[in-house]
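2 protein chains.
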Amino acid sequence: LTDKTPAALVEHALAGNRRAIGRILTWVENARPEGIEALRLLYPRTGHARIVGVTGAPGSGKSTLVNRLALEERKRGRSVGIVAVDPSSPISGGAVLGDRVRMEELFGDPEIFVRSMASRDALGGLAETTGQVISVLDAVGKDIVIVETVGVGQAEVDIVQEAHTTIVVVIPGMGDDIQAMKAGLMEIADLFVVNKADRPGADNVAAQIRQMLSLAPASAARRPLILKTEATTGKGVAELVTAIDEHWTYLNEERRLDRYQNERARRQVLALARDTLSARLERLSTDDPSVARLIEDVADKRVDPYSAAEQVLEKYFPVRSPDRNP
Amino acid sequence: LTDKTPAALVEHALAGNRRAIGRILTWVENARPEGIEALRLLYPRTGHARIVGVTGAPGSGKSTLVNRLALEERKRGRSVGIVAVDPSSPISGGAVLGDRVRMEELFGDPEIFVRSMASRDALGGLAETTGQVISVLDAVGKDIVIVETVGVGQAEVDIVQEAHTTIVVVIPGMGDDIQAMKAGLMEIADLFVVNKADRPGADNVAAQIRQMLSLAPASAARRPLILKTEATTGKGVAELVTAIDEHWTYLNEERRLDRYQNERARRQVLALARDTLSARLERLSTDDPSVARLIEDVADKRVDPYSAAEQVLEKYFPVRSPDRNP
Chain A
1 LTDKTPAALV EHALAGNRRA IGRILTWVEN ARPEGIEALR LLYPRTGHAR IVGVTGAPGS
61 GKSTLVNRLA LEERKRGRSV GIVAVDPSSP ISGGAVLGDR VRMEELFGDP EIFVRSMASR
121 DALGGLAETT GQVISVLDAV GKDIVIVETV GVGQAEVDIV QEAHTTIVVV IPGMGDDIQA
181 MKAGLMEIAD LFVVNKADRP GADNVAAQIR QMLSLAPASA ARRPLILKTE ATTGKGVAEL
241 VTAIDEHWTY LNEERRLDRY QNERARRQVL ALARDTLSAR LERLSTDDPS VARLIEDVAD
301 KRVDPYSAAE QVLEKYFPVR SPDRNP
Chain B
1 LTDKTPAALV EHALAGNRRA IGRILTWVEN ARPEGIEALR LLYPRTGHAR IVGVTGAPGS
61 GKSTLVNRLA LEERKRGRSV GIVAVDPSSP ISGGAVLGDR VRMEELFGDP EIFVRSMASR
121 DALGGLAETT GQVISVLDAV GKDIVIVETV GVGQAEVDIV QEAHTTIVVV IPGMGDDIQA
181 MKAGLMEIAD LFVVNKADRP GADNVAAQIR QMLSLAPASA ARRPLILKTE ATTGKGVAEL
241 VTAIDEHWTY LNEERRLDRY QNERARRQVL ALARDTLSAR LERLSTDDPS VARLIEDVAD
301 KRVDPYSAAE QVLEKYFPVR SPDRNP
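Chains as they are written, first to last, in my numbering: chain A, 1 to 326; chain B, 1 to 326.
I should point out that these hints are in silico values taken from the structure, not numbers from a laboratory. These figures come from a predicted structure and were not determined experimentally. A few of these clues could be false.
To be verified - Residues on chain A that point at chain B, a partial pick, calculated with CB under 7 Å:
{"hint": "1", "residue": "E11"}
{"hint": "2", "residue": "H48"}
{"hint": "3", "residue": "R266"}
{"hint": "4", "residue": "A273"}
{"hint": "5", "residue": "A299"}
Glycine included, each C-beta is placed from N, C-alpha and C at the ideal position.
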């Protein structure tokens, strides 16, 4: 890697060079212009990978399950990308799980690429960056990209919206808050996995989920399956991969995938435009002294924040009517 | 409540009418124009309340602890608002904890106002709406507003940034992922609480936190205290309230509170402006057929999303240089 321009690295990445892929991902994560340049070049190559999201509460054994999933996909001859998204520091942005030990089997295999990501950006940028990392792994030819998120907040929900198939992992005996979590995750789940299914209470959790699902409106999409796994031994993982495959078949029926691609494109374009506008706003708050003064007036309760926001918009972002002509 | 204009309801709310407060909060949560109108009127009355954020992983006993905190604050003669933020459905927006049973003692007391909130908005709007709910409770005269968030994701971090004092709740024996969670929450915590401290391992968790804190740079702000509580019995809660009071005293030294208010005002103004721009973008994607077509081109990989976003911005949001004259 002597020539480190985006164009050169993209070429190396497309040829399977792991260091080139890694460097492009670092650019993307750090929101560097080189990352955007690389993504522009890679974009026409995307659209091949199947994206599988895995989410659930802390302690549910997601990482082990993801490792097992990756191994099973490899057995079926597919190359695998893993993106582990960490709920790490809003300030230092350090990837606390970056050094988490992944199973050795994974690291020896050139057809598996693992990336740990930190959540650096408070402006909802995590989902977007994750989407870009997925796009890179998709473009360089991974058949399956597994996105693992730790946590059950809105950011995680946003992230798994990037996935074709979303797996929600629960375990027996998770306490009171499981009700709350399940409700939040109910509508994004394509598959439920009761992991650590050897523990007492596994059937009980499965029954709880089944009952909540039965309350969903009949108009709702395909009812999610509920599977049991023991990630530490690998039990149930082959069945899980088969269920993921079946969900993929379902998506390919009746143009569902087209709608998904269109919705994803819409989200990407709007998010990028929004980010640019957001960055412009941030700069105005320091670069224009009258905006800085306005903010002080808000802090001192002389002006309300709504009027202040309106003044900023009027000055810098005047409304233009949409062009309705086709 | 016969006159249901914002001005009339604001007057009733300021006089302590709970139904008026409730209706204003519903407007605010549903992003209704009446809510903005009410907030404009209430804004000059804000700035009195102390805002306490309570966050931590699911199952840590946050709700019970918040109830205990509220009772202890009442003992000290302060009126209390509680805002419970739920990680609920991105689709239905239902507040799954809305019907959670709060201790009866709380509900009988006219000086306590409890509000459960759902997370309706995927665009990072939850923190903003929470901030507005806090502002309403502040303006109507609550001395303390306690914000409880379920979860440990970025959205929760954004929410607790609204707080003067942030309490991170952990419990003994939370499993592997506690490391990850603590790192994420380490830098936002003003106080750590080891709840369920009667369980084995409480000292161990406290020691783990202490050790992680000892690794923080010396330049960092005030080192957080670590307290132990048993929320179910109330043990340790009086000490916790005293620690919150001490943190308030600390904030009032050396103009730290002014800086906090200014930063909060900046965040509010920028978030409001950002939301308006974001809504304009969303509308364009349906109202302007050429934008809709551009998105289809992105979905079909004929145009990359970066170029598409640029085209939308050029057409509707041309850059205006900041006015640098004071």
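Can we keep the A/A299 interface hint, with Cβ of chain B closer than 7 Å?
Status holds, d = 4 Å.
Restraint outcome when A/H48 is required to lie within 7 Å of chain B by C-beta distance:
violated (10 Å)
Once the shortest beta carbon distance from A/R266 to chain B is found, is it less than 7 Å?
holds (5 Å)
Min Cβ distance, A/A273 to chain B: is it shorter than 7 Å?
Cβ of A/A273 sits 4 Å from chain B, so the hint holds.
Interface hint check: A/E11, Cβ to nearest Cβ on chain B, cutoff 7 Å. Holds or violated?
violated (17 Å)
Violated hints for the displayed structure, listed by number in ascending order: 1 and 2.
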